[in-house]
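S.K.: Taken in sequence, the protein lines are chains Y and C.
Start counting the first sequence at 0; every next residue gets the next number (numbering that gives the first Met the number 0).
Start counting the second sequence at 0; every next residue gets the next number (numbering that gives the first Met the number 0).
There's no promise every hint is true.
[As the list claims (entries may be wrong)] Some chain Y residues flagged as far from chain C (calculated, every beta-carbon gap over 12 Å): (1) S2; (2) Q12; (3) L13; (4) L29; (5) G70; (6) L78; (7) P89; (8) P99; (9) E123; (10) T139; (11) A151; (12) A168; (13) V170; (14) I213.
[To be verified] Derived coverage of chain C by chain Y (criterion: at least 3 residues anywhere in the stretch with Cβ under 8 Å from a Cβ of chain Y; other residues may be distant): (15) 103–112; (16) 143–155.
The set of hints was computed from the structure by calculation and includes no laboratory data.
Glycine included, each C-beta is placed from N, C-alpha and C at the ideal position.
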Amino acid sequence: MHSIGDSFALALQLVLSGDADLLAIVLLSLRVSLTATALACLIGLPVGALVAISRFRGRNGVLILMNALMGLPPVVVGLLLYLQFSRSGPLGFLGLLYTPTAMIVAQTVLIAPIVAALSRQVLEDLHTEYAEQFRSLCLTRLQTVRALLWDARYSLLTVGLAGFGRAVAEVGAVIIVGGNIDHLTRVMTTAIALETSKGDLALALALGIILLTIALGVNAAVQSVRMTAARYAYV
Amino acid sequence: MSDAAIFGSVAPAAQTLRADIRACEVQDLVLRLGGATVLDGLSFALEKSGCTMVLGANGAGKSLLLKLLHGLMQPTAGRIAWGGQGPGAVTARQALVFQKPVLLRRSVAANLDFVLKARGAGRGDVTARRDALLDHVGLAHKAGQPARLLSGGEAQRLALARALATDPEVLFLDEPTASLDPASVLAIERIVAGARERGVKIVFVTHDTGQARRLADDVLFLHRGRVAEHSPAATFFPTPKSAAARDYLNGKLVV
Numbered sequence: 000m001h002s003i004g005d006s007f008a009l010a011l012q013l014v015l016s017g018d019a020d021l022l023a024i025v026l027l028s029l030r031v032s033l034t035a036t037a038l039a040c041l042i043g044l045p046v047g048a049l050v051a052i053s054r055f056r057g058r059n060g061v062l063i064l065m066n067a068l069m070g071l072p073p074v075v076v077g078l079l080l081y082l083q084f085s086r087s088g089p090l091g092f093l094g095l096l097y098t099p100t101a102m103i104v105a106q107t108v109l110i111a112p113i114v115a116a117l118s119r120q121v122l123e124d125l126h127t128e129y130a131e132q133f134r135s136l137c138l139t140r141l142q143t144v145r146a147l148l149w150d151a152r153y154s155l156l157t158v159g160l161a162g163f164g165r166a167v168a169e170v171g172a173v174i175i176v177g178g179n180i181d182h183l184t185r186v187m188t189t190a191i192a193l194e195t196s197k198g199d200l201a202l203a204l205a206l207g208i209i210l211l212t213i214a215l216g217v218n219a220a221v222q223s224v225r226m227t228a229a230r231y232a233y234v
Numbered sequence: 000m001s002d003a004a005i006f007g008s009v010a011p012a013a014q015t016l017r018a019d020i021r022a023c024e025v026q027d028l029v030l031r032l033g034g035a036t037v038l039d040g041l042s043f044a045l046e047k048s049g050c051t052m053v054l055g056a057n058g059a060g061k062s063l064l065l066k067l068l069h070g071l072m073q074p075t076a077g078r079i080a081w082g083g084q085g086p087g088a089v090t091a092r093q094a095l096v097f098q099k100p101v102l103l104r105r106s107v108a109a110n111l112d113f114v115l116k117a118r119g120a121g122r123g124d125v126t127a128r129r130d131a132l133l134d135h136v137g138l139a140h141k142a143g144q145p146a147r148l149l150s151g152g153e154a155q156r157l158a159l160a161r162a163l164a165t166d167p168e169v170l171f172l173d174e175p176t177a178s179l180d181p182a183s184v185l186a187i188e189r190i191v192a193g194a195r196e197r198g199v200k201i202v203f204v205t206h207d208t209g210q211a212r213r214l215a216d217d218v219l220f221l222h223r224g225r226v227a228e229h230s231p232a233a234t235f236f237p238t239p240k241s242a243a244a245r246d247y248l249n250g251k252l253v254v
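Chain C with its partners taken away, still in its complex shape (with noise of 0.2 Å):
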């Protein structure tokens, strides 16, 4: 199965005629809801490479950071930019994965084509991207199944192949891998981990720190709303710098 056949014709690196948008900076982002603050003054920047994992407590705020990072939410302050572009431009060249995926009530492969045919591919072209999409998640035999009675993994697969089928540049991942079984999670990391080695940026919000140690590039550890540390992953497990982190990876409850 060809690169082309499962990603589109255009490589995301290539769009060389697009602006890069990859790479983001975030300043003083704040986020208030019913008079909580969620989000406290967050910056950092992003690489316009590798897998970002994004760690943190219950209620750190991670869930939140990622639908104002993909422009489904607007800060109540601060500026989000995706190489130079705020977060709402840039929405439909980035997926997101839910923890909880919402399919449609229809068979598997119209899932997939239903998005493929949303972006305007062609007939023949959504036939032959959604048989290799399914294939590169292991669903080919699903194809004609109902998409709401997959099991929780499957769900979770189908899922991804429709993210990958917007040929996104950012794809985001909200705890994709909750409660599903290893060799489900096993699968979903190996296709994160092929988009990420085709130049695709990955933010992969977890609560595993081991699926974290697997997939990481850099670590943005939140505590309390804040940005405790933001580490590659060479140096973040090892050698944890703030103290939540540190008990974090200890297994200590952190709150």
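Pulled out of the complex, with its shape left as it was, chain Y reads as follows (with noise of 0.2 Å):
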């Protein structure tokens, strides 16, 4: 058993290292929280921006779902999605049990909530200022939304960086229907978890390290790029 700092040290070997098994565990992460935000802002912002601008009987239940399913506890959604891709369940013809493609789906069903919900509130804001120019403009509903949607750009990266964070920082839904296999469906959070219980403290703790690294860079970019766009008045 290693102290902290022997783990620390151990850990920050690895990182330089460029340690193989290390790498392969971070790329995987990437791709699929990465692809998995891409498709939960495929479908979030579309049906945050229609909530947006709609008015309709029934809206503020919509609303209530939306900002309830914000916060799915992940591993009530890997348990779902389980047993729906489980040999026996209904999906379990597609093999997507244990696959990155499980741990992708399992992520967007996690984040899509977030992005809509977020979306809408941003897109609601946005709407507000510029209905009554749009109606003056006699513009259709779909220009409407790809307008609010571009004008809105720089404040839906933030809702894209939140739904991010949240997938790559997630470990309850990647390891119900990935299962944590070596170089097969082992991602940053689900290797902490595992080294961790083996008592591999410094794999873990390498994994930490990058892990709150991609954190920081990833926010400290969209941070910048805001600031860019504030300076241009485009937030």
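Work from the hints to combine the two standalone chains into their complex.
M.R.: This is the structure in structure tokens:
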């Protein structure tokens, strides 16, 4: 058993030496979570935009549901998808259980509501500002949605970031549908959970350092883009 | 710069295939908002050409009248007809310049491109017409700048260019020059006068009697939600008929 200091030194060594196993885990994590974020945006942004500009019966119920879904517990999403993807489940024939694809699906389900609910708020605020001008211009619903999505682009970047942050950091869903199989479905969070329980704190810490660095780096990048946009009054 | 480049291939007056919607008849127009009667039985008729200045004190219902005429709001009662058609049917053939321009979070040029594309202009047309319009309102040198960093006068000129980009047959302006510097006011008045010369019907709300004198062909004076007076400019300014208009022109506070 190493002390924490030893573990930390070993962890840094692993990171700096570009350990192949470590790299594989990090790359799979990024692939899964970035793909899930992209899919969640494809689904969530149009949904958020449509709800933002529409007035219909039961709208408040939809808003409550969207906001509640933001807090979906990852393990529950994992479990429900496990039931679908398992051999005897309705989607068992696809053979997706314990594949990166299943993990992408799980994270997409998890964060699409986050993207939809947050973008709805952003776009509704913007629409309040633009609505009368747009009605004067007689824009179609599609033209309105496209204009709102484009004009809110820098705010929506933050929305996407919130989704990515949630995806890359969650462990419950991917461990159930992915199975944490070495070199196949092992991602940063599942590896950290496993290595910690095995007592290999060095690898767990190394992955933790990388995870934190990624989170910091992505946030810093988005923040600097937003600050540039703010200088042009585009935010 | 040819007019065709600025104003599209078809000038409004030449759109003979469609019914002329520039003349307006309003009968017994009533608007109630939250229990208060804002407009109380307006009846008047607007000629299909020239510039109608809408004057009146704050709260007389001028801006709301514009929105009703443009089809952005529904009246509580009464009838508005543009060449026999309801305002909702002709919104797309009109344009409204708001007091505070709402500009998109894009470049100056992209603000115009957006409207031109939304109105179905082809790619080549968009560039040519956008450049012509920017030149027309004196913003050609600002084309690449973020629209929301324009000064008040520049922003309003861009809003005016955007309104003209839709080839309106009727152009509404809701106090477009309130709190602008004189040079910007002059520029905007020149552009509006130019549109009037080309046959665009102008309905212009203002607080500024000097501006009304410069631009008006006729004056619609609102007082307490009613038409106090509707007269040709040539008689309104020297000999206002209503007491409210007389007081207003004499600089008294009209409430």
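S.K.: Indicate, hint by hint, whether the structure satisfies it.
M.R.: Quick rundown of the hints versus the structure:
| no. | hint | in the structure |
| --- | --- | --- |
| 1 | S2 | holds (54 Å) |
| 2 | Q12 | holds (47 Å) |
| 3 | L13 | holds (45 Å) |
| 4 | L29 | holds (30 Å) |
| 5 | G70 | holds (31 Å) |
| 6 | L78 | holds (42 Å) |
| 7 | P89 | holds (44 Å) |
| 8 | P99 | holds (37 Å) |
| 9 | E123 | holds (16 Å) |
| 10 | T139 | violated (8 Å) |
| 11 | A151 | violated (8 Å) |
| 12 | A168 | holds (31 Å) |
| 13 | V170 | holds (38 Å) |
| 14 | I213 | holds (29 Å) |
| 15 | 103–112 | holds (count 3) |
| 16 | 143–155 | holds (count 3) |
The structure fails hints 10 and 11 (numbered hints given earlier, in ascending order).
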